[in-house]
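Asks: Residue numbers (numbering that gives the first Met the number 0), protein chains in the order written: chain A, 0 to 184; chain B, 0 to 184.
Some hints here could point you the wrong way.
To be verified - Some chain A residues close to chain B (C-beta under 8 Å, calculated; not the full set): (1) Ala28; (2) Pro103; (3) Ala145; (4) Trp147; (5) Val150; (6) Phe153; (7) Ser159; (8) Ala161; (9) Pro163.
The set of hints was computed from the structure by calculation and includes no laboratory data.
Every residue gets a Cβ at the ideal spot worked out from N, C-alpha and C, and that includes glycine.
There are 2 protein chains.
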Amino acid sequence: MSGDTYHHGNLRRAIIEAAVGAIAESGPAAWSLRELARRAGVSHAAPAHHFGDRAGVLTAVAAEGYTLFANALEAAGDDLHEVGLAYIRFAVDHRPYFEVIFRPELYRPDDPEVAAARARADRVLTEGVRGAAPDRPNDDRTAPIAAWSIVHGFAHLWLSGALPARLGDDPVAAARPVIRHLFDR
Amino acid sequence: MSGDTYHHGNLRRAIIEAAVGAIAESGPAAWSLRELARRAGVSHAAPAHHFGDRAGVLTAVAAEGYTLFANALEAAGDDLHEVGLAYIRFAVDHRPYFEVIFRPELYRPDDPEVAAARARADRVLTEGVRGAAPDRPNDDRTAPIAAWSIVHGFAHLWLSGALPARLGDDPVAAARPVIRHLFDR
DNA sequence: GTATCGAACTTGTCAATGGCAAGATAGGAT
DNA sequence: ATCCTATCTTGCCATTGACAAGTTCGATAC
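Working from the sequences, and respecting the hints, build out all of it.
Replies: Here it is in structure tokens:
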């Protein structure tokens, strides 16, 4: 064991998990550092030691979120539909992470860990989807953007509750016929 | 004149404009009621009289935002491309409003004025785009959702700075070839 | 085994904030 | 001239983010 069992055990991890939980409950803004400290059972200033300030906590959440996101996208394989559905599945299953990573004003986007994980995700989204529009010239680089846009838009609209209720309660199933409009012809 | 020129003149309006300005500068969360009061040159508790609390201010912003949004969409006519481009144009030109209305956890979505304006916008987005997929059955109601998703996704990604810089600095021009993937065949 | 070191955490403090209560002001109705 | 009511102010309190200074305790050296 390295420094795993200190005063608290693993406070850094506990704070991140408390933050993710709080964000899941009421969004990326409706929590306080002191609340995270209370959830972790430590003093009100303990989080500052590990993260500095609020943005520090959110930077850690963004770094972890982008890593999980990149993993999920890479694991989806080469099929564009599958990547798109994985995108939406991640947004729904890991909502707090998804909500944070696309709001860079909340954290420090220049953080090395964040930037690296984001680059991984970007690669899948802007390059990894060759064959997006098989009947179009391969150098049409707007096709990946179109695919990214439609799945991102669906996911974000779904999470915000803007979509009509008739779509049911399974976002991935609901998204399938929607994103099919883009590529299956 | 009704109650237009009271102590302040039109504090309600001034507070809303101050809020929109503050949101434009640093997002829907990075401002305080007291800052709005200072901007309007009134005491720290004046906003509470008109709006109750923070959510009250944001509810007023959402109501005004949804109204402007519905106006913009309705004014775009029947052509689907034009509606889509108007959507993106609104998101960019009225960013603070756009950022608020799709974050219902920030305000009171049940507010009558908000609900009415939102219904107007929803009508254009989920019904008003007949002919979306001319070669598909008219009862395919996922087509409007696809159109909504792609323009919403593009707009949101653009605003969050997630899209590659090579797309240039004119979001409407950049969006044109992207959303063309969906309908022009 | 004990002295030292440094990271992990606590305690104390301050200005700023949201929200509430009570008071002051002034325009409009009678 | 008087009352009435919406508008706005003053005063207050619990909470918060951030910082400074102090304390605990595991690890390392000898």
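Asks: Run every hint past the structure and note whether it holds.
Replies: For each hint, the structure was consulted:
1. Hint status for Ala28/A relative to chain B: holds, with the closest Cβ pair at about 4 Å, below 8 Å.
2. With a least beta-carbon distance of about 6 Å to chain B, the hint placing Pro103/A at the interface is held under the 8 Å criterion.
3. Interface hint status for Ala145/A: upheld, as the beta-carbon distance to the closest one in chain B is roughly 4 Å, under 8 Å.
4. Interface hint at Trp147/A: satisfied, since its Cβ lies 7 Å from the closest Cβ of chain B, which is below the 8 Å cut-off.
5. Because the beta carbon of Val150/A sits about 7 Å from the nearest beta carbon in chain B, less than 8 Å, this interface hint is met.
6. The restraint placing Phe153/A at the interface with chain B holds, with a minimum CB-CB distance near 4 Å, inside the 8 Å limit.
7. Nearest Cβ of chain B to the Cβ of Ser159/A: about 5 Å, under the 8 Å cut. The hint holds.
8. Using the Cβ-Cβ criterion of 8 Å, the hint placing Ala161/A at the interface with chain B is satisfied: the shortest such distance is roughly 6 Å.
9. At its closest, the beta carbon of Pro163/A sits 6 Å from a beta carbon of chain B; the interface hint therefore holds under the 8 Å criterion.
Violation of the numbered hints given earlier is absent; every hint is satisfied by the structure.
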